[in-house]
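Got chain P sorted already, so can you dock chain D onto it with the hints?
2 protein chains.
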Amino acid sequence: MSDSHELKIDACFSPYLYPVYKDNDSIVVIIDILRATSAICTAFEHGAEKIIPVATVDEARSYKEKGYMVGAERDGVQVDGFEFGNSPFSYMGEKVKDQTIVITTTNGTQAIEAAKNAYRVVIGSFLNITALCEWLISEKRNILLLCSGWKNKFNLEDALFAGAVSEMIAQMSDAYKCGDACLALKYLYQMAEQDPNKFLKHSSHRERLARLNLKKDIKYCLTHDQTRVIPVLHDGALIRLKALQTA
Amino acid sequence: MSDSHELKIDACFSPYLYPVYKDNDSIVVIIDILRATSAICTAFEHGAEKIIPVATVDEARSYKEKGYMVGAERDGVQVDGFEFGNSPFSYMGEKVKDQTIVITTTNGTQAIEAAKNAYRVVIGSFLNITALCEWLISEKRNILLLCSGWKNKFNLEDALFAGAVSEMIAQMSDAYKCGDACLALKYLYQMAEQDPNKFLKHSSHRERLARLNLKKDIKYCLTHDQTRVIPVLHDGALIRLKALQTA
Numbered sequence: 018m019s020d021s022h023e024l025k026i027d028a029c030f031s032p033y034l035y036p037v038y039k040d041n042d043s044i045v046v047i048i049d050i051l052r053a054t055s056a057i058c059t060a061f062e063h064g065a066e067k068i069i070p071v072a073t074v075d076e077a078r079s080y081k082e083k084g085y086m087v088g089a090e091r092d093g094v095q096v097d098g099f100e101f102g103n104s105p106f107s108y109m110g111e112k113v114k115d116q117t118i119v120i121t122t123t124n125g126t127q128a129i130e131a132a133k134n135a136y137r138v139v140i141g142s143f144l145n146i147t148a149l150c151e152w153l154i155s156e157k158r159n160i161l162l163l164c165s166g167w168k169n170k171f172n173l174e175d176a177l178f179a180g181a182v183s184e185m186i187a188q189m190s191d192a193y194k195c196g197d198a199c200l201a202l203k204y205l206y207q208m209a210e211q212d213p214n215k216f217l218k219h220s221s222h223r224e225r226l227a228r229l230n231l232k233k234d235i236k237y238c239l240t241h242d243q244t245r246v247i248p249v250l251h252d253g254a255l256i257r258l259k260a261l262q263t264a
Numbered sequence: 018m019s020d021s022h023e024l025k026i027d028a029c030f031s032p033y034l035y036p037v038y039k040d041n042d043s044i045v046v047i048i049d050i051l052r053a054t055s056a057i058c059t060a061f062e063h064g065a066e067k068i069i070p071v072a073t074v075d076e077a078r079s080y081k082e083k084g085y086m087v088g089a090e091r092d093g094v095q096v097d098g099f100e101f102g103n104s105p106f107s108y109m110g111e112k113v114k115d116q117t118i119v120i121t122t123t124n125g126t127q128a129i130e131a132a133k134n135a136y137r138v139v140i141g142s143f144l145n146i147t148a149l150c151e152w153l154i155s156e157k158r159n160i161l162l163l164c165s166g167w168k169n170k171f172n173l174e175d176a177l178f179a180g181a182v183s184e185m186i187a188q189m190s191d192a193y194k195c196g197d198a199c200l201a202l203k204y205l206y207q208m209a210e211q212d213p214n215k216f217l218k219h220s221s222h223r224e225r226l227a228r229l230n231l232k233k234d235i236k237y238c239l240t241h242d243q244t245r246v247i248p249v250l251h252d253g254a255l256i257r258l259k260a261l262q263t264a
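Just so you know, the sequences run in chain order P and D.
Just so we're aligned, residue 18 is where the first sequence starts under the numbering used here, counting upward by one.
Just so we're aligned, residue 18 is where the second sequence starts under the numbering used here, counting upward by one.
Looking at chain P on its own, in the form it has when it is part of the complex (with noise of 0.2 Å):
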């Protein structure tokens, strides 16, 4: 295979930065593993039809005097007069079953903002990571891991999900060439693949979480293949990718 041939994967650390990697062409993958993108996909196992991201609280406030199920989260508390911040374990059960649930939350909804045009906008946890990768691959479409971060700064988290699918994707075909930061983010994940909450120890965002008592959610949001939804952004909402195919 030439090298013009090849397909591309490479990560993007900042929804900030999302303009200097964005093409008309890639598939985008939103990660926000603490917690945003496991809450959704948690929240789709568990039934929800629809989910409506929405940047500011504001939006969040008048999505609920109208009658939804809101979810808020900011700095990674749940916002007074929400029903919901972004644990998983919020989404799960009856109550969100057939429901359209709105969040917004700190990085994860922003990076769904900063990519909405892309060619294709879909969700991404540990949660869901073997049923993406598997649908990335059938795709051959260039891909680019987009790491929610925290306030447009790096995170260790977002980058290790961003190494392991880099890892599983290159392990399940050769059809991808890795730019720089996949690269680094494969060497990254295969040291910490043996035990990633260790491996999380210092970073920034495990230490806010754990002193908000939130080590189950870690925990949670660490476990692999708990569902094989993908969600996918169509008109401004996520649904899930089979609904959409059969749309």
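Watch out, some of these pointers could steer you wrong.
Since the list gives no way to pick out one identical chain from another, each pair is judged satisfied if it fits inside one copy or across any two copies.
To be verified - Result set (DSS-like, lysine-lysine): computed pairs, CA atoms no more than 27 Å apart in a straight line:
1. K25 <-> K218
2. K168 <-> K112
3. K83 <-> K236
4. K133 <-> K170
5. K168 <-> K39
6. K157 <-> K218
7. K39 <-> K236
8. K67 <-> K218
9. K170 <-> K25
10. K218 <-> K39
11. K194 <-> K232
12. K83 <-> K194
13. K67 <-> K83
14. K170 <-> K157
15. K170 <-> K83
Hints were generated in silico from the structure; no laboratory data involved.
Frame of chain P, contents of chain D only:
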């Protein structure tokens, strides 16, 4: 030592992302290993008195018309009509002694431009790493490692150097708390330390330079401690830190 008294060290992977990381207190280390910051350290080691970094080829040309020695590189190649590109080997020997040299490069000079209003801006490369780390620690200030990257994207060799600095500083002092980017890079450097040249084998810019037959440059740019000079930005030009201190 309480959290509030800890010094911070973090890394920023692109000049484009600098606004997210900047503050008024940090020392910013500019990193462009292949090859601008390696060339700058080399020029000072060989007796250059001053280096004026300029962002555009046009500015460089106007300096040349005024009779300055001028180096200009774009996309890894010396720009037509200039004496030098950014090979460190061009900045050796009698011709640079006591000279004021003007340079413009694809990435490194853009990073200097981005950070020019920081508390202090210094130039880092493997060539001056030990002197640099010793001085950084002596300053007792927050440190931001600013990777020039490649056209505002992450690159592996700059990240590797930022990891080497993070690791060396951690070995020398326990006063610093690593941000997430430095945590990731320390791991990366620990993996690469035994054979950085092999580690960089698949990096995009190394491949670019290898195509340009610059393996000798790459090897030199990965060599530790060829100089004790620390270039520092002062009034828009780089001078030796010692010259600043005795001014």
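Each hint tested on the structure:
For the identical chains of this complex, K25 and K218 are inter-copy neighbours only, at 17 Å across copies versus 31 Å inside a copy, given an alpha-carbon limit of 27 Å. With identical chains, the CA atoms of K168 and K112 are never at most 27 Å apart, being 31 Å at best within one copy and 48 Å at best between copies. For the homomeric pair K83 and K236, neither the shortest alpha-carbon distance inside one copy (35 Å) nor that between copies (64 Å) is at most 27 Å. Taking the closest pair of Cα atoms, K133 and K170 come within 27 Å of each other both inside a single copy (20 Å) and across two copies (20 Å).
In this assembly of identical chains, the alpha carbons of K168 and K39 lie at most 27 Å apart whether taken from the same copy (19 Å) or from different copies (13 Å). Proximity of K157 and K218 under a CA criterion of 27 Å is satisfied inter-copy only: 26 Å between copies versus 36 Å inside one chain copy. Taking CA atoms no more than 27 Å apart as the test, K39 paired with K236 passes in neither setting, with 32 Å inside one copy and 33 Å between copies. Proximity of K67 and K218 under a CA criterion of 27 Å is satisfied in neither setting, with 34 Å inside one chain copy and 45 Å between copies.
Taking identical chains as interchangeable, the C-alpha atoms of K170 and K25 lie at most 27 Å apart whether they share a chain (24 Å) or sit on different chains (14 Å). In this assembly of identical chains, K218 and K39 lie within 27 Å of each other by CA distance solely across copies; the values are 26 Å between and 32 Å within a copy. Only between protomers do K194 and K232 lie at most 27 Å apart by alpha-carbon distance; the minimum there is 22 Å, versus 36 Å within a single protomer. In this assembly of identical chains, the alpha carbons of K83 and K194 never lie at most 27 Å apart, being 47 Å within a copy and 46 Å across copies at closest.
Taking the closest pair of Cα atoms, K67 and K83 come within 27 Å of each other only inside a single copy of the chain (16 Å); across copies the shortest separation is 65 Å, beyond that limit. In the homo-oligomer, the alpha carbons of K170 and K157 lie at most 27 Å apart only across protomers (23 Å), although the nearest pairing inside one protomer, at 30 Å, exceeds that limit. Proximity of K170 and K83 under a CA criterion of 27 Å is satisfied in neither setting, with 34 Å inside one chain copy and 42 Å between copies.
Going through the hint list in order, the structure does not satisfy hints 2, 3, 7, 8, 12, 15.
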